[in-house]
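Chemist: These are the residues of each chain, in order.
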Amino acid sequence: MSLSRILLVLRKDLQLGPRSPIFLWVLLLPILITLMLQVTFGNLFDPNPRLGIVDQGASVVTTAVQDLDGIELTLLEDVDDLKGKVEANDLDAGLVLQPGFDSAVRSGAQPALEFYVGGQSLASNRIILAVTTVDLVREVEGSAPPVEVELVALGEEALPISVRLVPFIVMYALLIAAVFLPSFSLADERENRTLSALIVTPTKLSEVVTAKGILGFLLAGAMALVTLWLNSALTAQPLALIVVLVVAALLLVEIGLIYGTASKDIAGVFALIKGTGFILLAPTIFYIFTGWPQWIAKLFPTYWVINPVYEVTINNAGLSEVWVELAIGVAVIVLLAFVVMALTRRLRAKLAAT
Amino acid sequence: MNRPVSRFSIIASIVRKDLAEYGRDRLWAFLTIMVLVVVIVLFWLLPDNVNESIRVGVSGLDDSSVLTALESAEEEGLLLVPFATAADLEAVVAGDVAALEPDQAGTTVGIAFPDDFLAATTRGDATTVTVYVDAAVPDEIQLAITGLVSELAFAVAGDELPVSTPGPDEVFVVLGEDRVGSQASARDSFRPLLVFLVLLMEMFIMASLIAKEIQERTVTALLITPASVGDVLAAKGIVGALSGMAQAIVVLVAINALTSQPLLILTLMLFGAVMVSGTAMLAGSTGKDFMGTLFSGMLFMIPLMIPAFAALFPGTASAWIRAIPSYPLVQGLINVSTFGEGWAETLPELGVLFVWCVGLFALGWMVLKRKVQTL
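Chains A and B supply the protein sequences, listed in that same order.
In this text, residue positions in the first sequence follow this note's numbering: the first is 1, and each later residue adds one.
In this text, residue positions in the second sequence follow this note's numbering: the first is 355, and each later residue adds one.
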């Protein structure tokens with residue numbers, strides 16, 4: 001294998017590649033997915049109870065709710081608007097605080113509690129919002145509860161959904177750059193017969209395949225870093241981060257090369273990706289749904305490369321804590337390298353025969 | 355001498371040719387079946403009920419009437435699970451031991467009352483109640499349980515609420531139909547999304563077949579026969595709508611969605627299939643090759659998917675989502691399949707969908723016609 005020829009093919013791919021829509025996917029999809037999952041659809045997995053308040057008298061209850069974690073507060077001006085939103089399930093509950101509400105509570109006048117819940121709101125949200133509201137009104141009254149409540153938190157605190165989504169988004173970025181790009185590029189060259197043309201030059205097929213792999217590897221690493229940065233998860237130890245990303249990108253690039261060398265055309269690659277994409281992404285779903293049996297994730301090959309990424313980026317683990325997974329990942333990489341070599345030989349024979 | 359051939363038979367011949375081509379394409383045949391199977395399996399794997407209650411373990415309250423009163427007062431929002439001792443409760447919440455009783459499994463919040471809680475609180479003596487929570491329990495639930503204990507103590511001590519409430523046991527007024535106990539499950543919420551996914555897959559397939567015809571210029575070969583551009587396009591529209599409808603019916607039957615208002619659901623799906631067919635003409639005429647078609651298909655698919663995803667969220671969709679052509683289809687499906695509405699209530703969605711369906715089909719027709727004429 002000649003390094004200069006590999007670099008030549010790589011340079012050609014870098015020059016011509018951006019004309020392909022797949023390049024645009026590689027660059028845009030991680031950003032779009034981050035935007036969609038973290039900004040738009042993130043709270044689908046962990047919805048907070050939604051409370052609307054019409055405060056007509058600058059009540060301290062409103063200020064107290066604003067300071068609470070876990071309750072989504074919307075301040076409104078109009079009572080009818082509040083009722084409309086509650087009935088349409090745009091809010092779980094609505095509270096109207098009349099002028100002088102606080103002083104009426106403190107004076108013992110027992111003002112009316114105008115508290116509305118939506119028919120479609122969950123019973124659990126109703127109880128959370130109702131109890132919290134009553135509790136805050138009691139605080140306004142100033143009466144000390146006849147009981148002392150001691151809160152004891154047990155176990156480890158759960159990570160927020162925005163963090164649990166990171167492995168999925170990083171995996172997607174890696175998949176598109178490391179699997180889609182080399183596989184589609186190889187299949188495209190084969191379909192357009194430029195691969196057959198290339199191998200009659202001194203360039204060997206193995207060099208073309210290696211160049212495609214390097215391009216996928218470099219873009220996968222870069223896009224994984226960009227995705228981690230977009231998700232505010234670029235705080236890991238640099239050496240550990242580089243090692244885990246290199247291992248993850250290598251394994252996925254090999255999968256991309258296997259798809260590219262095994263398929264006779266782009267449609268074949270597309271079918272392979274559609275058919276197996278779920279298996280590659282599956283381990284990342286287990287980070288989102290922590291209640292699922294986590295051992296199942298270990299059955300998927302990509303777990304052994306995405307879990308080190310997760311541990312290093314999210315839990316700030318060092319290499320000493322993820323070396324077992326990395327070792328298994330490296331073993332899979334070595335195994336897959338033989339498959340890539342065998343498929344490259346087979347492809348060369350096929351191209352020579354046509 | 356050749357007999358004059360009717361437009362109908364020309365279009366029928368092209369439809370037959372297109373359907374045969376569709377069936378011969380192994381990739382799309384594989385993907386069609388795969389998507390159908392995945393959608394149907396996924397639907398049946400989704401939970402068909404909604405867990406609306408917070409499960410709370412309780413120890414130290416011997417008076418079961420207090421427990422029952424507490425639970426019924428909070429309707430179905432609270433599910434109280436008795437524990438023999440505070441130590442058992444703490445161990446289960448901490449996950450240190452397996453649940454002692456089957457109904458104690460999954461308890462992540464527990465209230466350990468002291469043995470003399472009722473008597474001491476009634477006397478006005480201060481007591482300490484320990485609330486055990488799994489650290490993963492959201493803040494708002496921790497806060498609510500703490501508040502609940504205080505409120506229970508106030509009630510036992512005979513302290514009235516500092517506000518007047520709509521009723522003796524009612525703190526709030528329910529607006530709209532009270533759906534506690536009959537909330538839309540994940541299956542209900544995902545149903546429109548899954549059905550729409552099948553139509554979108556159909557869009558990809560149609561777009562790809564159209565792009566292939568343009569690429570290979572088989573469409574120009576057709577035009578030297580008695581078939582006109584209009585016949586070719588009409589056939590494409592029919593094939594798109596037919597295959598989309600066929601797949602949608604398979605899914606609708608498999609997910610048991612045709613039990614109520616089947617004609618209305620099928621009408622919605624027919625309009626949806628025609629709309630998607632028009633979109634496929636647009637995507638297919640812009641794509642130069644497989645990758646190009648795939649990319650342009652994605653550009654159409656992503657915005658069209660948004661209303662179906664938005665339907666998973668509670669509440670009214672934003673104005674910009676309601677302006678997306680697929681919104682009336684998704685909302686119509688939700689109205690009928692989830693809320694059991696009929697023709698009269700779904701008429702606005704049906705009307706808007708019809709307008710989008712005609713508009714997009716006409717646009718697709720014009721763009722594809724221009725493309726074919728320039729070949």
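In short, the hints are calculated from the structure, not lab data.
Computed from a predicted structure; not experimentally measured.
Some clues are possibly wrong.
Unchecked claim - Heads up, incomplete: computed chain B residues facing chain A, CB under 7 Å, no partners named:
| no. | residue |
| --- | --- |
| 1 | Phe384 |
| 2 | Ile408 |
| 3 | Val487 |
| 4 | Ala511 |
| 5 | Pro516 |
| 6 | Gly521 |
| 7 | Val525 |
| 8 | Phe526 |
| 9 | Val527 |
| 10 | Leu529 |
| 11 | Phe644 |
| 12 | Met645 |
| 13 | Pro657 |
| 14 | Gly669 |
Yeah, the Cβ is synthetic: ideal placement off N, Cα and C, and Gly gets one too.
Chemist: All hints are to be evaluated individually against the structure, with a verdict given for each.
Modeler: Do the hints match the structure? See the list:
{"no.": "1", "hint": "Phe384", "in the structure": "holds (6 Å)"}
{"no.": "2", "hint": "Ile408", "in the structure": "holds (5 Å)"}
{"no.": "3", "hint": "Val487", "in the structure": "holds (6 Å)"}
{"no.": "4", "hint": "Ala511", "in the structure": "holds (4 Å)"}
{"no.": "5", "hint": "Pro516", "in the structure": "holds (4 Å)"}
{"no.": "6", "hint": "Gly521", "in the structure": "violated (11 Å)"}
{"no.": "7", "hint": "Val525", "in the structure": "holds (5 Å)"}
{"no.": "8", "hint": "Phe526", "in the structure": "holds (4 Å)"}
{"no.": "9", "hint": "Val527", "in the structure": "holds (5 Å)"}
{"no.": "10", "hint": "Leu529", "in the structure": "holds (4 Å)"}
{"no.": "11", "hint": "Phe644", "in the structure": "holds (5 Å)"}
{"no.": "12", "hint": "Met645", "in the structure": "holds (5 Å)"}
{"no.": "13", "hint": "Pro657", "in the structure": "violated (12 Å)"}
{"no.": "14", "hint": "Gly669", "in the structure": "holds (4 Å)"}
Hint check: violations occur at hints 6, 13; the rest are consistent with the structure.
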